[in-house]
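Visitor: Here's the letter readout for the chains.
2 protein chains.
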Amino acid sequence: MHLDLSVSDSDVSSFTPLVVLELADDTKAEAITWLLNRIRDKQQNGGAELLVDQVLLPVQDGQKSNPNVFVVGSTSQRLLNGAEDVGLFKESQDGTMRGFTYANRESFRDFEGDGQAFLSEAECQYIIKHELDTLRAKHEEHVPGYPKLKLYPGKSVVRRLQSKGVLVQYFPLHNKEDLKRLSFSWYKKIKLSFQPLDDIRRYFGEGLALYFGFLEYFTFALVPMALIGIPYYLFDWEDYDKYVLFAVFNLVWSTVFLEVWKRCSATLAYGWGTLNRKKAFEEPRPGFHGALGINPVTEREEPVYSSSKRQLRIYLVSVPFVLLCLYLSFYVMMVYFDMENWAISIYTENPNVASGILMFVPSIIYAVVIEIMNLLYRYAAEFLTNWENHRLESSFQNHLVLKVLVFNFVNCFASLFYIAFVMQDMVLLRQSLATLLITSQILNQVMEAFLPYWLQRRRNKKVHKRMRRLMGDKELPLLEQVQLEAEMNTYLGTFDDYLEQFLLFGYVSLFSCVYPLAAVLVVLNNISEVYSDAFKMCHVFKRPFSEPAANIGVWQLAFETMSVIAVVTNCALIGLSPQVKAYFPESETQLILIVVATEHVLLAFKFILAFVIPDVPKHIQVKLDKLEFDSLEALKKRKILEGAETGKYME
Amino acid sequence: MHLDLSVSDSDVSSFTPLVVLELADDTKAEAITWLLNRIRDKQQNGGAELLVDQVLLPVQDGQKSNPNVFVVGSTSQRLLNGAEDVGLFKESQDGTMRGFTYANRESFRDFEGDGQAFLSEAECQYIIKHELDTLRAKHEEHVPGYPKLKLYPGKSVVRRLQSKGVLVQYFPLHNKEDLKRLSFSWYKKIKLSFQPLDDIRRYFGEGLALYFGFLEYFTFALVPMALIGIPYYLFDWEDYDKYVLFAVFNLVWSTVFLEVWKRCSATLAYGWGTLNRKKAFEEPRPGFHGALGINPVTEREEPVYSSSKRQLRIYLVSVPFVLLCLYLSFYVMMVYFDMENWAISIYTENPNVASGILMFVPSIIYAVVIEIMNLLYRYAAEFLTNWENHRLESSFQNHLVLKVLVFNFVNCFASLFYIAFVMQDMVLLRQSLATLLITSQILNQVMEAFLPYWLQRRRNKKVHKRMRRLMGDKELPLLEQVQLEAEMNTYLGTFDDYLEQFLLFGYVSLFSCVYPLAAVLVVLNNISEVYSDAFKMCHVFKRPFSEPAANIGVWQLAFETMSVIAVVTNCALIGLSPQVKAYFPESETQLILIVVATEHVLLAFKFILAFVIPDVPKHIQVKLDKLEFDSLEALKKRKILEGAETGKYME
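Protein sequence lines correspond, in order, to chains A and B. 412 is the number that the UniProt record's numbering gives to position 412 of the first sequence; each next residue is one higher, with no gaps. 359 is the number that the UniProt record's numbering gives to position 359 of the second sequence; each next residue is one higher, with no gaps.
Fair warning: there could be bad hints in the mix.
Intra- or inter-copy, both count: the list cannot distinguish identical chains.
Okay, derived cross-link-like pairs now, BS3-like style, lysine-lysine, Cα gap no bigger than 27 Å in a straight line [said to hold, decoys possible]:
| hint | residue 1 | residue 2 |
| --- | --- | --- |
| 1 | K278 | K164 |
| 2 | K138 | K623 |
| 3 | K138 | K626 |
| 4 | K28 | K90 |
| 5 | K150 | K462 |
| 6 | K28 | K536 |
No lab work stands behind these hints: they were computed from the structure.
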């Protein structure tokens with residue numbers, strides 16, 4: 001069926017291509033026909049009512065390239081209806097954010113003519129993704145041509161094709177012009193300025209924009225701490241004379257920081273219309289499997305997997321595995337300390353340059369090992385969480401995040417805790433902290449941005465050359481773009497980025513009172529992080545589908561937990577400081593009791609503070625209340641009118 | 001206008017009277033006419049569309065009784081519409097709880113004929129209250145006859161009349177038959193059984209039913225602890241040998257107890273239809289005042305009081321006042337200890353019976369003083385919170401609860417903490433705990449139930465006699481009932497009842513490891529509490545308006561806070577116990593560090609447990625999800641149909 005499409009741009013220019021759909025190159029023709037028909041079919045008939053066309057990529061170096069690549073687009077009318085389906089919030093004429101409805105389209109700001117420019121491209125792509133995801137099987141028993149790909153009424157077709165590898169991938173296309181404009185205002189300007197969060201959100205969606213917002217906020221919040229840290233470091237206050245003050249500052253800072261972020265994030269999310277948007281019903285994730293049963297919520301047939309079985313897997317396999325890994329991590333830590341001692345003993349025997357350098361070797365090796373262990377553990381955690389067979393993507397993510405967080409936390413901080421509280425050696429603590437921080441930052445930047453960029457550039461050049469060779473000088477922007485982007489790496493979400501920030505937050509809030517330069521290093525790292533992350537989003541990865549998000553989700557909890565641990569750690573560090581000890585020369589017991597009491601009071605204060613500071617700024621809360629009030633009033637009015645009519649009929 | 005109503009039952013029997021409205025006896029006739037018209041007026045015209053009639057009470061002992069007493073009722077059609085207004089949830093034919101709508105009335109279980117028996121009496125009274133409360137001024141500038149009682153469009157008429165004392169009170173009438181049936185199944189049966197929570201809810205509403213449910217749950221939860229406590233006490237394990245075990249039990253118990261209650265409460269609230277019911281927009285409370293301005297949410301004119309002024313009042317007056325009271329409470333405590341020492345010194349000088357009894361006198365006096373201080377403080381807190389001028393009843397209540405809780409906690413427990421941790425005298429702790437517990441229980445039962453009951457009975461007899469004298473043998477059930485109930489005390493809500501349970505929970509969870517009989521005493525107290533509370537609800541107080549509630553609200557938080565404090569206290573008590581100390585004969589420091597570490601682990605475990613246990617049982621969650629899914633699907637279907645129609649038009 002795809003043979004009648006010639007390789008030319010004119011065929012696919014009948015609509016703006018937004019999303020690319022790549023099927024396996026050996027997909028059976030009847031399955032393709034069926035899928036395309038379902039995508040094109042009217043909504044009343046259960047179709048997605050989208051436009052779809054084939055992109056026939058040229059033969060490459062004698063090898064036939066994958067012929068089953070399609071681009072999907074839509075009419076603007078269909079997109080507007082879709083915007084209503086997904087529950088998009090838009091700014092209305094009176095300045096409040098309201099759920100978009102096609103019937104009231106004229107009451108929204110920026111709605112002009114037939115609404116062609118009303119939705120951003122990312123929104124359009126998100127809508128198309130939603131419509132594809134919710135394209136459901138009707139009465140087909142299996143995918144045509146694939147008797148083993150069972151279907152049941154209500155099953156998402158795309159999820160099923162995806163879970164069996166027939167659908168290789170689907171991704172939104174970049175928009176070169178917008179991208180150029182965005183990347184200029186984002187990271188190519190020489191003038192330092194805030195990030196263009198609204199533009200980022202328009203291009204990449206709310207989830208990513210919130211990440212960059214958080215990154216920026218975190219970096220700015222660290223500046224005062226960095227400014228205080230520099231004189232501490234420069235004037236070499238090695239006698240820990242002032243670090244009690246610094247610890248107290250740390251403690252207040254880490255609490256206020258997170259509470260204020262919640263308010264900032266609510267303000268951003270309100271402006272982007274995600275704060276009060278209702279969550280849609282979540283589909284089972286593609287990998288979810290089980291015997292066919294009845295879902296008690298939807299009353300549709302779907303795979304069912306008993307939650308007690310999942311609990312068993314979690315508590316009998318995953319939890320012991322995580323504990324084993326933690327034990328391993330401790331073991332590695334002890335080996336590191338042995339190495340450290342060995343290096344010191346060599347240095348004390350032969351204090352020369354070589355043995356002086358050797359002193360740093362164990363720390364560097366340990367930092368590298370930590371990174372490797374984190375990486376390996378990450379794969380294991382993904383495998384295990386997958387095997388736990390969670391029904392929802394969100395619950396899969398939560399379990400994955402939890403596993404990875406606990407391990408990363410222990411792996412990265414165990415040695416520091418050991419040095420601080422068991423060995424009580426503040427000089428070593430400072431040295432280890434510096435080595436860990438610097439090594440992991442360098443590794444991160446290399447692994448995260450430069451390596452993928454370098455690989456990507458090589459690939460780009462190859463594709464570009466090949467296309468040139470095949471097509472001569474004919475302009476083939478779309479074909480080349482599809483070809484290029486299909487081979488780009490997929491951005492796996494903000495997980496790793498947040499994880500990195502989480503660990504940096506840990507270094508700063510837990511121990512920066514012994515190494516005040518930590519905040520400075522983190523600020524520097526984050527400034528380069530903004531640029532490298534921005535760069536990688538624009539040039540290294542496929543464009544990700546925009547992800548509506550009202551907050552940073554489970555990460556808020558993770559950061560808050562860290563800040564509670566920070567209170568405990570800082571109090572303990574204060575208790576260990578020589579000049580506090582000097583106040584209680586006779587009774588160590590009294591010192592400990594006072595430190596513990598202070599810690600409890602601070603923790604209580606922290607919880608009260610978190611309770612007292614409202615999570616949503618007042619002016620946003622008023623708008624939310626107004627929205628709710630208006631809808632209640634409208635409902636009431638309608639009822640009274642209906643009541644009056646009923647009354648008339650009865651009289 | 002009320003002169004043409006003769007004192008006879010026939011006039012008011014045209015409808016079932018549900019609510020009594022009592023205006024001041026010098027209310028101007030034009031105001032009464034206006035109010036009655038507004039109540040009777042159709043909804044389209046902004047009226048409440050209710051039935052209202054005058055009850056003319058007979059002349060009493062030469063004094064004219066208040067002529068301005070009215071009974072309010074309604075047609076069942078109006079009540080069903082009202083049920084939709086207030087967003088009542090009812091069980092539908094398929095067993096799920098759904099928001100009642102008049103249009104779908106046939107799809108609800110128990111809806112028969114014209115739906116006369118569909119709503120419970122308490123629900124009808126609640127609906128009438130809601131309709132009266134939301135009866136709003138139209139274009140009147142003031143209440144007719146009262147130029148000073150300013151009105152503005154949208155102001156609740158009833159609230160305004162209430163705030164200026166023109167409306168003395170309004171309350172629902174008891175239903176003698178239902179009450180007899182309820183009180184029989186509740187507390188008059190000899191057979192021990194669970195309380196009839198559903199019947200209580202049907203008669204008194206969800207708020208009260210949840211209180212009694214909590215009381216029952218709490219009492220049952222205490223039984224295992226009481227059972228363990230008895231042998232501890234009987235076999236005189238005075239050497240504190242076993243109390244480490246008891247403290248650990250205590251700790252786990254207090255965490256699990258509260259988590260499980262959340263699930264129980266969710267189950268109850270779901271069955272009663274309050275779990276997923278939307279909250280209506282809250283009116284300003286009657287006492288709220290301020291300059292007339294525009295409410296940004298409703299965009300209606302209403303009194304506005306700047307929240308920064310309120311904050312100033314809270315932080316500059318209320319907080320210092322509370323702190324002063326706390327200081328006073330400490331001062332009284334120190335005086336108590338002086339008295340205690342004095343009593344002991346007398347006993348050691350002259351050990352005879354009189355001085356032996358004298359030993360107990362300071363504790364008893366202190367217990368009485370504590371109760372008196374609590375009472376006085378309560379008035380002060382109410383005055384202050386009123387003066388803070390909160391706009392909403394809910395925020396008023398929260399601030400009041402917070403003030404009272406903090407003071408009561410310190411007032412009741414300060415001496416125990418002092419004895420336990422400063423004096424470290426476990427014998428005295430045990431003795432004080434017993435005295436405090438027993439004295440406060442006796443005082444409570446007397447103040448709460450027997451005294452009001454006795455007063456009430458005297459009043460009842462007087463009214464009964466008077467009525468007899470006036471009317472001879474004529475039967476005047478309604479008149480007498482209105483007269484009797486109007487003079488009954490008003491039930492001020494569950495505040496004091498929860499507060500008492502909160503303090504009892506404190507005694508048990510904080511210190512019961514030193515006085516294991518505490519749990520036994522609390523169980524006994526609570527059994528009698530159920531009876532006396534049930535009795536007072538049925539016979540001492542006016543029937544309260546039913547209060548829809550999905551949970552025990554701020555009290556859940558209060559109990560949880562207490563259980564966190566309990567972890568700290570129990571760990572400290574364990575640390576102080578001689579046999580734990582015996583393990584660390586040399587190093588007290590090590591002991592303290594281990595206790596502190598244990599405490600931190602336990603607290604972390606507690607938070608994880610609270611996080612892991614879902615707040616809503618799975619079968620309820622499924623039903624909630626189903627409801628949401630159904631409404632989403634219905635919306636989608638409607639849109640597709642509409643879309644199809646639009647499509648047709650466009651074609």
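Visitor: Kindly indicate which numbered hints from before are broken by the structure, ordering the numbers from low to high.
Guide: 1, 4, 5, 6
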